[in-house]
Amino acid sequence: MNPEIRNLKEKVKNLNILYCEDEEEMRMGTELFLNKFFMSVDAVSNGKDGLEKFKKKKYQVVFTDIMMPIMDGLEMLAKIKTLDSETFTVTLTASEVDENKIIAASNLYFRKPITYDNMITVMKEIVDEFNL
Amino acid sequence: MEINILIVDDNYDNLKTLGFLIESIKFEKENNINVIKADNGQTALDIAIKKELALIILDIQMPQMNGFEVATYLQKTSKTKNIPIIFLTAAFKSQKMRDRGLHIGAVDYLFKPIDMTILTPKIKHYIDFFVITHELIDINKQLELKVKKAIEENSLIETRLHQSEKLAAMGEMIGNIAHQWRQPIAIISMWANNIIADVDIDEVDNKTLKNYAQKINEQTKHLSQTIDDFRNFFSPNKESITFILENSIDKTINLLSASFQTHNIKIIKDIKYIEIFAVENELTQVVLNLFKNSKDILITLPREEKKLIFINGYQENNNVILEIIDNGGGVDNKIIDKIFEPYFTTKDKSQGTGIGLYMAQSIIVRDFSGTLFIENVDYIYEDKNYSGAKFIIKIPLKNK
Numbered sequence: 000m001n002p003e004i005r006n007l008k009e010k011v012k013n014l015n016i017l018y019c020e021d022e023e024e025m026r027m028g029t030e031l032f033l034n035k036f037f038m039s040v041d042a043v044s045n046g047k048d049g050l051e052k053f054k055k056k057k058y059q060v061v062f063t064d065i066m067m068p069i070m071d072g073l074e075m076l077a078k079i080k081t082l083d084s085e086t087f088t089v090t091l092t093a094s095e096v097d098e099n100k101i102i103a104a105s106n107l108y109f110r111k112p113i114t115y116d117n118m119i120t121v122m123k124e125i126v127d128e129f130n131l
Numbered sequence: 000m001e002i003n004i005l006i007v008d009d010n011y012d013n014l015k016t017l018g019f020l021i022e023s024i025k026f027e028k029e030n031n032i033n034v035i036k037a038d039n040g041q042t043a044l045d046i047a048i049k050k051e052l053a054l055i056i057l058d059i060q061m062p063q064m065n066g067f068e069v070a071t072y073l074q075k076t077s078k079t080k081n082i083p084i085i086f087l088t089a090a091f092k093s094q095k096m097r098d099r100g101l102h103i104g105a106v107d108y109l110f111k112p113i114d115m116t117i118l119t120p121k122i123k124h125y126i127d128f129f130v131i132t133h134e135l136i137d138i139n140k141q142l143e144l145k146v147k148k149a150i151e152e153n154s155l156i157e158t159r160l161h162q163s164e165k166l167a168a169m170g171e172m173i174g175n176i177a178h179q180w181r182q183p184i185a186i187i188s189m190w191a192n193n194i195i196a197d198v199d200i201d202e203v204d205n206k207t208l209k210n211y212a213q214k215i216n217e218q219t220k221h222l223s224q225t226i227d228d229f230r231n232f233f234s235p236n237k238e239s240i241t242f243i244l245e246n247s248i249d250k251t252i253n254l255l256s257a258s259f260q261t262h263n264i265k266i267i268k269d270i271k272y273i274e275i276f277a278v279e280n281e282l283t284q285v286v287l288n289l290f291k292n293s294k295d296i297l298i299t300l301p302r303e304e305k306k307l308i309f310i311n312g313y314q315e316n317n318n319v320i321l322e323i324i325d326n327g328g329g330v331d332n333k334i335i336d337k338i339f340e341p342y343f344t345t346k347d348k349s350q351g352t353g354i355g356l357y358m359a360q361s362i363i364v365r366d367f368s369g370t371l372f373i374e375n376v377d378y379i380y381e382d383k384n385y386s387g388a389k390f391i392i393k394i395p396l397k398n399k
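So the protein lines, in turn, are chains X and W. Each residue of the first sequence is one higher than the one before, starting from 0 at the first, in numbering that gives the first Met the number 0. Each residue of the second sequence is one higher than the one before, starting from 0 at the first, in numbering that gives the first Met the number 0.
FYI, nobody ran anything at the bench for these hints, they're computed from the structure. There could be a bad hint or two in this list.
To be verified - Taking lysine-lysine pairs in the DSSO-like style, the calculated list, with each CA pair at most 30 Å apart, reads:
1. W:Lys-220 to X:Lys-35
2. W:Lys-294 to X:Lys-8
3. W:Lys-265 to X:Lys-78
4. X:Lys-111 to W:Lys-214
5. X:Lys-80 to W:Lys-305
6. W:Lys-383 to X:Lys-111
7. W:Lys-291 to X:Lys-111
8. W:Lys-294 to X:Lys-111
9. X:Lys-35 to W:Lys-206
10. X:Lys-47 to W:Lys-383
11. W:Lys-383 to X:Lys-78
12. X:Lys-111 to W:Lys-206
13. X:Lys-111 to W:Lys-346
14. W:Lys-214 to X:Lys-8
15. W:Lys-250 to X:Lys-8
16. X:Lys-100 to W:Lys-346
17. X:Lys-47 to W:Lys-209
18. X:Lys-54 to W:Lys-305
19. W:Lys-294 to X:Lys-78
20. W:Lys-305 to X:Lys-111
21. W:Lys-214 to X:Lys-12
22. W:Lys-346 to X:Lys-47
23. W:Lys-206 to X:Lys-12
24. X:Lys-47 to W:Lys-268
25. X:Lys-52 to W:Lys-346
26. W:Lys-346 to X:Lys-123
27. W:Lys-220 to X:Lys-100
28. W:Lys-305 to X:Lys-78
29. X:Lys-47 to W:Lys-206
30. W:Lys-214 to X:Lys-35
31. W:Lys-294 to X:Lys-100
32. W:Lys-265 to X:Lys-111
33. W:Lys-250 to X:Lys-35
34. W:Lys-346 to X:Lys-12
35. W:Lys-214 to X:Lys-47
36. X:Lys-10 to W:Lys-206
Said to hold, decoys possible - Cβ pair distances, simulated, as ranges:
37. X:Glu-128 to W:Leu-208: 27 to 35 Å
38. W:Ile-226 to X:Asn-130: 45 to 53 Å
39. W:Ala-212 to X:Asn-1: 41 to 49 Å
40. W:Asn-253 to X:Pro-2: 20 to 28 Å
All C-beta atoms, glycine included, are put in the ideal place defined by N, C-alpha and C.
All chains should be built: construct the whole structure from the sequences, respecting the hints.
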């Protein structure tokens with residue numbers, strides 16, 4: 000057991016998380032991971048579904064992939080920020096296309112594969128962001 | 000130029016006179032005329048072997064070895080057989096002897112006493128002949144050298160091109176493997192993260208751990224499948240086999256699936272059932288190069304624009320036609336004639352080597368006896384207008 004991680008979990012667990020990823024296996028693994036820290040995680044497979052969810056519920060944090068069918072991550076992030084500029088956005092992508100746009104559009108940006116330490120960094124940033 | 004004339008006579012006075020007469024000839028051209036004297040047949044043969052001679056003037060009646068014998072030897076020896084021989088005789092004036100002399104290979108048969116009005120123009124003629132022959136030989140040698148050099152340079156260029164082709168294909172493959180691997184690696188890493196999180200949060204459950212490990216194993220299968228696919232492609236197997244065009248195209252599309260997915264490129268395929276007898280990997284390489292060419296232009300399009308690659312395959316008369324069409328806007332007419340030239344590229348040096356399309360065309364021409372063309376096309380797809388490049392491969396169907 001790691002007391003620091005336990006502590007992190009206690010701090011972030013009540014936040015609402017939206018997670019967008021089109022690749023099913025990646026979505027399953029990451030959703031499971033996020034569920035270990037957050038009590039409410041909604042996972043969808045494209046930007047359009049993500050945006051629909053976002054309109055109906057308050058999410059403090061959005062995790063998203065970029066290259067997705069129907070609506071990609073960049074477009075979704077732009078629309079989410081206009082709906083609620085306070086939303087903390089984390090981009091997890093394999094693509095190096097449009098890297099500058101992605102960095103500008105998100106609070107945190109990681110290229111896949113994402114290590115455990117990176118995920119913990121994300122948690123800590125969230126704690127700082129929301130003064131938890 | 001130094002010109003040697005050999006005169007042969009067993010009589011010393013005759014030799015001296017003839018030598019004097021030849022040396023007194025006035026030549027128009029500045030050549031260094033050197034008269035060599037031999038008073039018997041054997042000495043004449045020795046000199047003919049050692050020196051380069053423009054002409055031999057040969058007496059016939061000599062002790063030990065007569066002029067006919069000397070001429071016969073000279074004609075049999077490769078080094079001397081082309082030296083012109085003029086017989087000069089006082090004794091053998093009959094038509095029969097003259098015929099014999101000419102039959103041995105002499106260019107002329109003259110009688111003593113020496114008539115310089117006849118001999119002088121003949122000597123001049125054979126000197127000119129010798130000089131011109133030498134000039135021609137020199138020119139020929141220079142040409143041979145030039146041709147040899149050009150061939151060497153050409154084969155060097157060919158070798159370099161071939162190496163560039165190979166390197167470009169390898170580089171391309173490595174890029175594609177990296178693409179195909181990124182997603183499975185990301186998934187493996189996320190399942191591993193789950194294991195670490197379970198340990199850190201103290202929620203380790205054996206059954207769950209086993210499940211994570213199985214998920215990781217499944218992904219490693221993808222990784223090794225990718226390696227197998229690309230290794231098959233790179234195998235040096237140059238054997239022609241019968242394969243189904245659509246299956247082959249599917250395999251090629253599969254090699255690039257991750258790349259297409261990442262860049263949101265949609266492949267629209269319409270391939271008729273055609274059996275082809277050829278080296279399958281070579282066709283794969285061509286199609287890969289054309290796909291890459293289309294992909295490179297499509298990724299420069301604005302994000303919101305559709306990115307399309309059509310691939311059509313059908314039979315026309317006794318040819319297989321394979322078309323690859325994109326919506327990248329087409330090729331500027333100013334450069335459309337150059338795009339198959341080696342090292343020609345519109346891309347940045349870090350991106351393009353200028354080898355891809357050259358390689359595709361040389362494979363089609365060299366290994367398939369076919370043709371590869373490009374044209375710009377406008378077309379409608381799902382009620383929208385598009386413009387792009389259309390590559391047309393035409394391969395004659397071979398009988399097994």
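In ascending order, which of the hints set out earlier in this document are inconsistent with the structure?
2, 6, 15, 17, 22, 25, 26, 27, 29, 33, 34, 39, 40
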